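The chain contents come next:
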Amino acid sequence: MKNLLKNKIGFIATLGFAVVAALTIASCVASQKVANKSGAQLWGENCQHCHNTPSATTFSGDQWETIGMHMQTRALITEQERIKIVEFLQQSAK
Amino acid sequence: MKTSIPLNRKPKMLVGFMTLALCYLFAFQANAQQNPTKLDSATEARIAALEKQAALHRPGQSHLMVVGLTTFGFASSKTTSSDGSAPNKFSAFGTDSYEFSPMFLWRQGKKVLLEFEPSFNNDGVGVNWAAISYFAKPNLIFRGGYFVVPFGMYTKKLAAGWINKVATDPIGLPTAQDYGFGVSGGLPLGSMKWNYDLAVTNGLTIDPAVNNGMLTNVNLGAAARNKTFVGRLGLLPFSNNSLEIGVSGMTGGVSNGNTVYQDVRADLYAFDFNFVKNVSPVQINIKSQYNVVNVGSATYYVNPQDPNSTSYTFNNSSTSGYGQFSIRPIESQSEFIKNLELAFRYGQYNTPKNSMWGANTTQTDFGLNYWINWRTVLRVTYEILDSKSTVNQALFASPVPDTKTQAFHIQFAIQL
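In order, the protein sequence lines correspond to chains A and B. First residue of the first sequence: 113, per this note's numbering; consecutive thereafter. First residue of the second sequence: -17, per this note's numbering; consecutive thereafter.
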């Protein structure tokens, strides 16, 4: 009986957490001001959070694509930020 | 008989002649466009060769590149001890200042990334991480393999030699890498941003051979039964991304199949703070992390291998933390001054009182860095490590003295 009650509480808690998490994630949208940021601005803001802002000419366009994915796993920038930063670096590298 | 054209008819003939010439020119151009000029065989061969060469360099789905880092330097230190023994002097190239770590990034399309970083440092040859990430959704990444445990900010984001502001790591960082599986991602939240990094790993254990209550990684231990749940949530409350605060938790049993520690759990917490902002004319950089490690009670033996030797117990709780401040005059007119950076770090590490390894240690660092370019730094660090023993001296045959170490580091670090 005790175990059953424990399981029920555990199940309700897990379900509650999942619902809250799903609602939180679903409501995650950027404000207009954030959505309108340029790649250059995002490059300046996000990179210097941990290290100096990289020079665009350091790597080729293909390499920036790969490094962008690596930095997304490391710094947990959003996908939109990664796409804009990589595009900015690829264009500036030309 | 000589005929002559009247003067008034000459312009009309000229116009007619020019019209004919233009018609011929347009007809020729149109013909040239329909039937391009035939090239000679040498030019055709050259074009074919160039097309073949271009095809060879066409980017494919798979892309492999090598980046990485290296640091090298010189360290000189002097350790004095409260037991009155002669000071221990040490100086060497390498020590805390050597690392050569090429990192292989292997991308398959835009969904899969393999990251592998072998490393040669003062611990020998090892692996920093070897993991595969799958970019399932815009802000959802699955990761598996051997990776940096998502606990706190320093180990995952700031530990690289070319990123760190002083020559050494902060003391008392409780976690590093582990085998496991995880999910992570970053998401917008209006004008703010947040990120999550969660994982299940093989976790931590107490080595029964050492049996002193210290946590070590299970790694690939055959009896790895307890899994550890670990995660960090980060929030960037300002739209300019200048501040990030993070909270981390980690929990799991430590027995690893050893009945002696069957019900013993380890619960770890961490709080981190990262603020970087350009405040004209300088860049201000403040970083901090505080860690708490609580391990359940267990009985230990003075001679770990002999359960008949004197037993003892202690409150197995450790705390550690650091605060770091650095400043760089990024708007200076002088190129030399602009590349200078001053850094200060203070850290504390308190290990369990009355344990074999009990001590209250402080770490104070003063640093001066010169940035040769964005990813290359030459740094000088002066460090003081002050350790006061809290070992239960009555229990152990060899008393543990208080120590003070003063060290001077010169270090060169580059990201490749």
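Just so you know, not all the hints are guaranteed correct.
Stated by the list, open to error - Derived list of chain B stretches under chain A, where covered just means 3 residues or more per stretch with a C-beta under 8 Å from a C-beta of chain A:
#: 1; segment: 127 to 140
#: 2; segment: 354 to 362
As the list claims (entries may be wrong) - Sample of chain B residues lacking proximity to chain A, with all beta carbon distances greater than 10 Å (derived):
#: 3; residue: 32
#: 4; residue: 37
#: 5; residue: 61
#: 6; residue: 144
#: 7; residue: 221
#: 8; residue: 258
#: 9; residue: 291
The set of hints was computed from the structure by calculation and includes no laboratory data. Note that the structure is a prediction, hence the values are computed from the model and not measured. Note that beta-carbon positions come from the ideal geometry of N, C-alpha and C, so glycine has one too.
Hint check against the structure, violated hint numbers in rising order: 6, 7, 8
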